[in-house]
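Chemist: If you want the building blocks of each chain, they are given just below.
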Amino acid sequence: MGTITLLGIVLLVLMLVVGGHQGISGFLSMLVNFGIVFFTIVLIAFHFPPITVTLIASAVVLAITIFWSDATDNASTTAFFASIIILIILVALIIPVENWAKVGGFGLEDSEELEGLSVLVGINFTKIAICTAILSALGAIAEAAIAIASGLDEITSVHSEITAAQLMVDGVEIGKQIIGTAVNTLFFGFFGNALALFIWLTNLHFSIGGMLNDKVFVNELIAIIFSLIGVVLTIPVTTLIMSVRRGRVLAKKNLENNKEIK
Amino acid sequence: MKKQLTSKMTWLQVGLAILSCLVAVLVTSHNDQFYDNPIYKVTAVTNGKPNKVTDEFENEDHQTEQKLQGYITNGKHKNQRLSIDNTYSDSNAMDHKLKVGDKVFITFHNKHSATVKDLKRDVPVVFLIALAISLLCVLLKFQGLTVVGSIIVNTVLFFCAIKINNDHNGAHVILNFAVLSLIFCVITLWMVMGWNKKMLVALTSVVGSTVGTILIMLVAFMITHEKGVYYESMQYVTQLPKPLFVAEVLVGVLGAVMDEATDIVASLATLKKEKPEISARQVFDSGRQIGKSIMGPLINVLFFVFMAETLPMTLLYLKNGNSWGYSFSMNMSLGVLSSLVSAIGIVLTVVLSSFFASIWIKGDES
Chain A
89 MGTITLLGIV
99 LLVLMLVVGG
109 HQGISGFLSM
119 LVNFGIVFFT
129 IVLIAFHFPP
139 ITVTLIASAV
149 VLAITIFWSD
159 ATDNASTTAF
169 FASIIILIIL
179 VALIIPVENW
189 AKVGGFGLED
199 SEELEGLSVL
209 VGINFTKIAI
219 CTAILSALGA
229 IAEAAIAIAS
239 GLDEITSVHS
249 EITAAQLMVD
259 GVEIGKQIIG
269 TAVNTLFFGF
279 FGNALALFIW
289 LTNLHFSIGG
299 MLNDKVFVNE
309 LIAIIFSLIG
319 VVLTIPVTTL
329 IMSVRRGRVL
339 AKKNLENNKE
349 IK
Chain B
964 MKKQLTSKMT
974 WLQVGLAILS
984 CLVAVLVTSH
994 NDQFYDNPIY
1004 KVTAVTNGKP
1014 NKVTDEFENE
1024 DHQTEQKLQG
1034 YITNGKHKNQ
1044 RLSIDNTYSD
1054 SNAMDHKLKV
1064 GDKVFITFHN
1074 KHSATVKDLK
1084 RDVPVVFLIA
1094 LAISLLCVLL
1104 KFQGLTVVGS
1114 IIVNTVLFFC
1124 AIKINNDHNG
1134 AHVILNFAVL
1144 SLIFCVITLW
1154 MVMGWNKKML
1164 VALTSVVGST
1174 VGTILIMLVA
1184 FMITHEKGVY
1194 YESMQYVTQL
1204 PKPLFVAEVL
1214 VGVLGAVMDE
1224 ATDIVASLAT
1234 LKKEKPEISA
1244 RQVFDSGRQI
1254 GKSIMGPLIN
1264 VLFFVFMAET
1274 LPMTLLYLKN
1284 GNSWGYSFSM
1294 NMSLGVLSSL
1304 VSAIGIVLTV
1314 VLSSFFASIW
1324 IKGDES
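Top line first, the protein sequences correspond to chains A and B.
Mapping of the first sequence onto my numbering: position 206 corresponds to residue 294, and the numbering continues sequentially without gaps.
Mapping of the second sequence onto my numbering: position 10 corresponds to residue 973, and the numbering continues sequentially without gaps.
Treat the hints as calculated values from the structure; they're not laboratory data.
Built from N, CA and C at the ideal position, the CB exists for glycine as well.
Each hint should be verified, as a subset may be incorrect.
Not everything, but these chain A residues come out facing chain B in the computed CB check (under 7 Å) [stated by the list, open to error]:
| id | residue |
| --- | --- |
| 1 | LEU100 |
| 2 | MET103 |
| 3 | VAL106 |
| 4 | GLY107 |
| 5 | ASP158 |
| 6 | TRP188 |
| 7 | VAL209 |
| 8 | ILE262 |
| 9 | GLY268 |
| 10 | ASN281 |
| 11 | VAL306 |
| 12 | ILE313 |
From the derived model, a few chain A residues whose C-beta atoms are all more than 12 Å from chain B [said to hold, decoys possible]:
| id | residue |
| --- | --- |
| 13 | SER113 |
| 14 | ALA159 |
| 15 | VAL332 |
| 16 | LYS347 |
Here are the simulated lysine-lysine pairs, DSS-like style, with alpha carbons at most 25 Å apart [stated by the list, open to error]:
| id | chain 1 | residue 1 | chain 2 | residue 2 |
| --- | --- | --- | --- | --- |
| 17 | B | LYS1160 | B | LYS1325 |
| 18 | B | LYS1236 | A | LYS264 |
| 19 | B | LYS1160 | A | LYS215 |
| 20 | B | LYS1060 | A | LYS215 |
| 21 | B | LYS1004 | B | LYS1080 |
| 22 | B | LYS1080 | B | LYS1041 |
| 23 | B | LYS1126 | B | LYS1236 |
| 24 | B | LYS1060 | B | LYS1041 |
| 25 | B | LYS1030 | B | LYS1062 |
| 26 | B | LYS1074 | B | LYS1030 |
| 27 | A | LYS215 | B | LYS1062 |
| 28 | B | LYS1004 | B | LYS1066 |
| 29 | B | LYS1066 | A | LYS215 |
| 30 | B | LYS1104 | B | LYS1004 |
| 31 | B | LYS1066 | B | LYS1012 |
| 32 | B | LYS1012 | B | LYS1062 |
| 33 | B | LYS1030 | B | LYS1060 |
| 34 | B | LYS1012 | B | LYS1104 |
| 35 | B | LYS1012 | A | LYS215 |
| 36 | B | LYS1236 | A | LYS215 |
| 37 | B | LYS1080 | B | LYS1104 |
| 38 | A | LYS264 | B | LYS1160 |
| 39 | B | LYS1062 | B | LYS1004 |
| 40 | B | LYS1030 | B | LYS1004 |
Could you build the full structure based on these sequences and the hints that come with them?
Modeler: As structure tokens, this is what we get:
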């Protein structure tokens, strides 16, 4: 048995014991997400337009991650729309910045690995860098949107008379609580992932200026910052959508009440 | 009246945020004199005809020669005019298509000939950093500053640990990063929860589940004789790969585990305070309830962080005539492994933080 298979089984058993039915769907969503990422790469290799493929894949990933979590219907619908809007805003930011920084492709640090590989494969690697940046932010956006939407949903179910405006204030409060910890998850994830690169660069006594211009380092760094911006934007966007939906619910209620009075 | 005041303030803040981004861009685009390497500014470009190239796997690409005119902007050759040849391809994998106004670092071969080394890309990086900080401050006010502060503290600590690692040529890498992780945990949890019993409960759970996770991983390595673990596919490795991989996983999972433990312990403490009569068993069960709803999304956060960056190299392997299986093993398998191990850590944290909270939290904590 391979190590990946064994650890996969350990994880499945643990998730089943801890989360029951919910644990299984968490495990499945990770499995399906892997399939989607791999399939995305294969489609790009077949020269499908990279950014379009990635955007479609991203929408599917967000839907799976959000609707297979155990958030309530109201919370997950809100979280899904919020994360799609954030995805659009983020893509509008990622495309120009990636074209500006031109970090696509490979750096001198990759030379050893590239030995014997042809890099002139006719696929624009700046576009690939855009796809990479979008994909790395997906999990973080989904998680933040679910957390805020669930928190707000709980408030509306406890205080059934809360107005849309009050909800806006509460959303920012909940957002403040989750942001600190969400940032930690992201940053340690990236630190761990790029540990070897950091060791390499500091070994070569790169200056700060040298690092801020190094292709591979900048590629990692701006991917973190895009995810961070995505998480920060989740707070106002999710709250706004929740309060718009709340406004509609209240308006409907008022209408019904008025009818009853008549 | 009050509403107007706050909205007015927000507009002022938005204005300040935009201004600070602009200032950051302006300052960074005029910092050439601080670099030791010669920087070259392109003032005119003549493109040649695209040349079709086909490799042995029948990938088609086009290479184009560019003749650049420009001048040096810093150092002892400042203002010297120079013409440089540059070649770019459609794939842009290791070359750049340059246009008028671009700044590049160059290497001199003799006084009048030079080649393009790399692009000067500090301006977009600094712009993005300024944008992120402004967003944090505008949306979260003071809290945003604390977030920025904790990122800076963690980054400094992280680079200190790397420095220590390099001074010892990578010996004791696991011990080194384990100590660092412990310091990270204490500082971060202290900042988030304050110095109290809740924080100690969270700290114990974080340490317990991280150690447990690493042990599970090592046992799994032993049982399967590391079948399907391709350390040779690790990038940028300058020291023994296995301990480095363990250290990577250790640091990578830490943030998520702290995030989760804080969440669960804080909620359980509130619960116990509101209803002191509930039993330890009930506290444990509510902890599990909270945990199981956050663990799924959290696992996906790390999954995408670990997997996304394998995309370019996997793609290149596929385009170089390798099979799906081989491309996966050489590029994505370690990412999948880290995702699985950190997912195990995230699930263990649910159990441990609920357990420790149920036996130690008495409901009288501040």
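Chemist: With reference to the structure, classify each hint as holding or not holding.
Modeler: Status of the hints after comparison with the structure:
1. LEU100: violated, 10 Å
2. MET103: Since the shortest Cβ distance to chain B is 6 Å, the answer is holds.
3. VAL106: holds, 5 Å
4. GLY107: holds, 4 Å
5. ASP158: This hint holds: ASP158 (chain A) lies near chain B, its Cβ roughly 5 Å from the closest one there, short of 7 Å.
6. TRP188: holds, 4 Å
7. VAL209: Since the shortest Cβ distance to chain B is 4 Å, the answer is holds.
8. ILE262: violated, 12 Å
9. GLY268: Constraint on GLY268 (chain A) satisfied, holds at 6 Å.
10. ASN281: holds, 6 Å
11. VAL306: holds, 6 Å
12. ILE313: Hint holds; ILE313 (chain A) Cβ to chain B Cβ min 5 Å, cut 7 Å.
13. SER113: The claim is violated: SER113 (chain A) sits with its nearest Cβ about 7 Å from chain B, within 12 Å.
14. ALA159: Non-interface label fails for ALA159 (chain A): nearest chain B Cβ at 7 Å, not farther than 12 Å.
15. VAL332: Per Cβ check, VAL332 (chain A) is outside 12 Å of chain B; nearest 18 Å; holds.
16. LYS347: holds, 32 Å
17. B:LYS1160 with B:LYS1325: Cα-Cα ~10 Å, so holds.
18. B:LYS1236 with A:LYS264: holds, 23 Å
19. B:LYS1160 with A:LYS215: Status violated; Cα separation ~49 Å.
20. B:LYS1060 with A:LYS215: Since the Cα atoms of LYS1060 (chain B) and LYS215 (chain A) sit roughly 14 Å apart, the hinted pair holds (cutoff 25 Å).
21. B:LYS1004 with B:LYS1080: holds, 13 Å
22. B:LYS1080 with B:LYS1041: holds, 18 Å
23. B:LYS1126 with B:LYS1236: Violated, at about 45 Å.
24. B:LYS1060 with B:LYS1041: Holds - the C-alpha atoms of LYS1041 (chain B) and LYS1060 (chain B) are around 24 Å apart, at most 25 Å.
25. B:LYS1030 with B:LYS1062: Distance of about 11 Å is within 25 Å: holds.
26. B:LYS1074 with B:LYS1030: At roughly 18 Å apart (the allowed maximum being 25 Å), LYS1030 (chain B) and LYS1074 (chain B) satisfy the hint.
27. A:LYS215 with B:LYS1062: With Cα atoms ~18 Å apart, LYS215 (chain A) and LYS1062 (chain B) stay inside 25 Å; holds.
28. B:LYS1004 with B:LYS1066: holds, 5 Å
29. B:LYS1066 with A:LYS215: holds, 21 Å
30. B:LYS1104 with B:LYS1004: violated, 39 Å
31. B:LYS1066 with B:LYS1012: Satisfied, since the Cα-Cα distance of roughly 23 Å is no more than 25 Å.
32. B:LYS1012 with B:LYS1062: Holds, at about 16 Å.
33. B:LYS1030 with B:LYS1060: With Cα atoms ~11 Å apart, LYS1030 (chain B) and LYS1060 (chain B) stay inside 25 Å; holds.
34. B:LYS1012 with B:LYS1104: violated, 54 Å
35. B:LYS1012 with A:LYS215: holds, 23 Å
36. B:LYS1236 with A:LYS215: violated, 53 Å
37. B:LYS1080 with B:LYS1104: violated, 41 Å
38. A:LYS264 with B:LYS1160: holds, 23 Å
39. B:LYS1062 with B:LYS1004: Holds, at roughly 10 Å.
40. B:LYS1030 with B:LYS1004: holds, 13 Å
Of the numbered hints listed earlier, those contradicted by the structure are 1, 8, 13, 14, 19, 23, 30, 34, 36, 37.
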